[in-house]
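Asker: These protein sequences, in sequence, are chains B and Y. Heads up: the first sequence runs through residues 43 to 360, numbered per my numbering. Heads up: the second sequence runs through residues 43 to 360, numbered per my numbering.
A few of these clues could be false.
Because identical chains share one entry, a pair is satisfied inside a single copy or across any pair of copies.
To be verified - No more than 25 angstroms apart at the CA atoms, straight line, and that leaves these computed lysine-lysine pairs for PhoX-like:
id, residue 1, residue 2
1, 300, 279
2, 309, 124
3, 188, 300
4, 188, 309
Keep in mind that the hints were calculated from the coordinates and are not lab data. From a predicted model like this one, the values you see are computed outputs, not experimental measurements.
This is what each chain is made of:
Protein chains: 2
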Amino acid sequence: MKNVAIVGYGNLGKACERAALLSEDMSIVGIFSRRKGLSSPYGTSIYAQDEIFDMAKDIDVAALCLGSANDLVAFGTSLAGKVNTVDSFDTHAKMRDYVQNMRASASAGGKLSLVGIGWDPGIFSLCRALFEGVLPDGFTHTFWGKGVSQGHSEALRRIDGVLDAIQYTVPKQEAIDLATKGKGEELTERDKHLRVCYIAAKEGADLKKIEESVRTMPNYFEPYDVEIHFVDVQTLKREHGGMPHGGQVLRSGYANGKGCTMKLELKLDSNPDFTAGVLMRYAAACARLNEEGVCGAKTMLDVPVSALYQNDAALRFV
Amino acid sequence: MKNVAIVGYGNLGKACERAALLSEDMSIVGIFSRRKGLSSPYGTSIYAQDEIFDMAKDIDVAALCLGSANDLVAFGTSLAGKVNTVDSFDTHAKMRDYVQNMRASASAGGKLSLVGIGWDPGIFSLCRALFEGVLPDGFTHTFWGKGVSQGHSEALRRIDGVLDAIQYTVPKQEAIDLATKGKGEELTERDKHLRVCYIAAKEGADLKKIEESVRTMPNYFEPYDVEIHFVDVQTLKREHGGMPHGGQVLRSGYANGKGCTMKLELKLDSNPDFTAGVLMRYAAACARLNEEGVCGAKTMLDVPVSALYQNDAALRFV
Numbered sequence: 043m044k045n046v047a048i049v050g051y052g053n054l055g056k057a058c059e060r061a062a063l064l065s066e067d068m069s070i071v072g073i074f075s076r077r078k079g080l081s082s083p084y085g086t087s088i089y090a091q092d093e094i095f096d097m098a099k100d101i102d103v104a105a106l107c108l109g110s111a112n113d114l115v116a117f118g119t120s121l122a123g124k125v126n127t128v129d130s131f132d133t134h135a136k137m138r139d140y141v142q143n144m145r146a147s148a149s150a151g152g153k154l155s156l157v158g159i160g161w162d163p164g165i166f167s168l169c170r171a172l173f174e175g176v177l178p179d180g181f182t183h184t185f186w187g188k189g190v191s192q193g194h195s196e197a198l199r200r201i202d203g204v205l206d207a208i209q210y211t212v213p214k215q216e217a218i219d220l221a222t223k224g225k226g227e228e229l230t231e232r233d234k235h236l237r238v239c240y241i242a243a244k245e246g247a248d249l250k251k252i253e254e255s256v257r258t259m260p261n262y263f264e265p266y267d268v269e270i271h272f273v274d275v276q277t278l279k280r281e282h283g284g285m286p287h288g289g290q291v292l293r294s295g296y297a298n299g300k301g302c303t304m305k306l307e308l309k310l311d312s313n314p315d316f317t318a319g320v321l322m323r324y325a326a327a328c329a330r331l332n333e334e335g336v337c338g339a340k341t342m343l344d345v346p347v348s349a350l351y352q353n354d355a356a357l358r359f360v
Numbered sequence: 043m044k045n046v047a048i049v050g051y052g053n054l055g056k057a058c059e060r061a062a063l064l065s066e067d068m069s070i071v072g073i074f075s076r077r078k079g080l081s082s083p084y085g086t087s088i089y090a091q092d093e094i095f096d097m098a099k100d101i102d103v104a105a106l107c108l109g110s111a112n113d114l115v116a117f118g119t120s121l122a123g124k125v126n127t128v129d130s131f132d133t134h135a136k137m138r139d140y141v142q143n144m145r146a147s148a149s150a151g152g153k154l155s156l157v158g159i160g161w162d163p164g165i166f167s168l169c170r171a172l173f174e175g176v177l178p179d180g181f182t183h184t185f186w187g188k189g190v191s192q193g194h195s196e197a198l199r200r201i202d203g204v205l206d207a208i209q210y211t212v213p214k215q216e217a218i219d220l221a222t223k224g225k226g227e228e229l230t231e232r233d234k235h236l237r238v239c240y241i242a243a244k245e246g247a248d249l250k251k252i253e254e255s256v257r258t259m260p261n262y263f264e265p266y267d268v269e270i271h272f273v274d275v276q277t278l279k280r281e282h283g284g285m286p287h288g289g290q291v292l293r294s295g296y297a298n299g300k301g302c303t304m305k306l307e308l309k310l311d312s313n314p315d316f317t318a319g320v321l322m323r324y325a326a327a328c329a330r331l332n333e334e335g336v337c338g339a340k341t342m343l344d345v346p347v348s349a350l351y352q353n354d355a356a357l358r359f360v
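Same shape as in the complex, but just chain B:
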């Protein structure tokens, strides 16, 4: 039985709580949050975030479910080395720095931190590396969706006059078909994904102006084809309240000149619930690996898949 702490109590933290409660090999020590006045529908104890440092000796592994990448970097590097940690840090561009900082802290304290655990980064990263590793002559494309992008939905909500909004990332089938045929080299961001927005505007808001703000928003929407639907807030909640996501990693190439395609595809009714499941299973592995003497910081690529199982149990899959 592993004693798990959950740090942060947003969508991911709540999904981790449900996953840990359903796991036969886990017991929740507590939820640690900076927000005050929270309560758990399952009666899990909730502590102030910094209390985790005093409780470190009772915790086998902590799942870091902090909302912003900045919060995660700051808290993760301060906690690493004191407690084993897992997180789903997802800022691809800052991954290398983060791993190096976590490695230093975790190694110094003789603990293990698994970083970037989830599906992207995570399972998708693992498959990108595996596919290119075994099929060096080729191209890899990642397609996301159809699914809700929290970051893009947030960006819409910050626009003046917007009451609430949801953004779906939708991969374009023509691009998937080209990539499958090995002809996807020249595909642009615009070619690969469509951004579909459902927006509930405030009463009296200027819809033309909202639309203009969306279409011209740099990085988020400007480089893409964008579809905008204005809906009332009840419709938004009723029809777009879930958090489905998914996507595929597609590699097309040649082995000794002979064509090969390799594809990993996920379809998830709930992004946070699936991510939490992955995080919790790697949390159990993290605690076991550290008991065996493994320390430092590792990504999913550095952890053998057999570490998800005890003893030689993974042999049954071979």
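Dock chain Y against chain B, hints included.
Answerer: This is chain Y only, laid out in the frame that chain B set:
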């Protein structure tokens, strides 16, 4: 630069030779075969199989490409511990014994043997373990094909009156659809795959008798729906001379009660060329890991994907 030996010179050994010649980080020490009078179209030196023992000190890793599982077990366990080895041992039922024997030999000699490297066993095994590891509540199905099964083609060729034959394993779309929806629990072998045979019969052979022999052959054909086409030998060579294969690992299940499907799919124009590519990349990793002090016997599940890369190069995929 790694010095590679190739043991066995059938389809897989020949494909490994081509893959090694195309690899910038490999040099072929030689091909080792029990058959006499062989020559390589690329001028690679060919030695008697047992000469590998005398040349062990010049070899960083040996790829064992022996045709039969019995040959592989006998030779593999005698060579393990003297040279690092990789193989694509594929008798699922005997994998556990094989791993344990190889582990004992390899560990005693301070060498590393990677076993069951290819796509099934191999990449498919890795995905079966990963998918179940992160999504414990669900069912996994493996579908093979459309592709040529060497074993089933050989079984056809052994029938009295058969001159030559090719057998395609074809997954049934209805079964894939059911499995995708999480309803595949009760699928039988017959529901999942169709066996399509192209047979060139000897002159004057009794076709009815051949057909009867195929349909009633235990294990190979009896448990399946079988389609039989008699063709002349020229048609067989012209239209069925390739060795395409592929398949998919499909897991359908629930994370916190929310639906998830995970799928890995391969489509390969040439089974031996793709398998050889996988084997050669894991051969390079095997040699590097042993230099770092890793010894024993491991499956693909025990080797982190980052081992396919040097230093922190795998971080770019995260």
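Asker: Run every hint past the structure and note whether it holds.
Answerer: A quick look at each hint next to the structure:
1. 300 to 279: between (50 angstroms within a copy, 18 angstroms between copies)
2. 309 to 124: neither (36 angstroms within a copy, 46 angstroms between copies)
3. 188 to 300: Between copies only: 16 angstroms across, 32 angstroms inside.
4. 188 to 309: The answer is both: 9 angstroms in one copy and 24 angstroms across copies each meet 25 angstroms.
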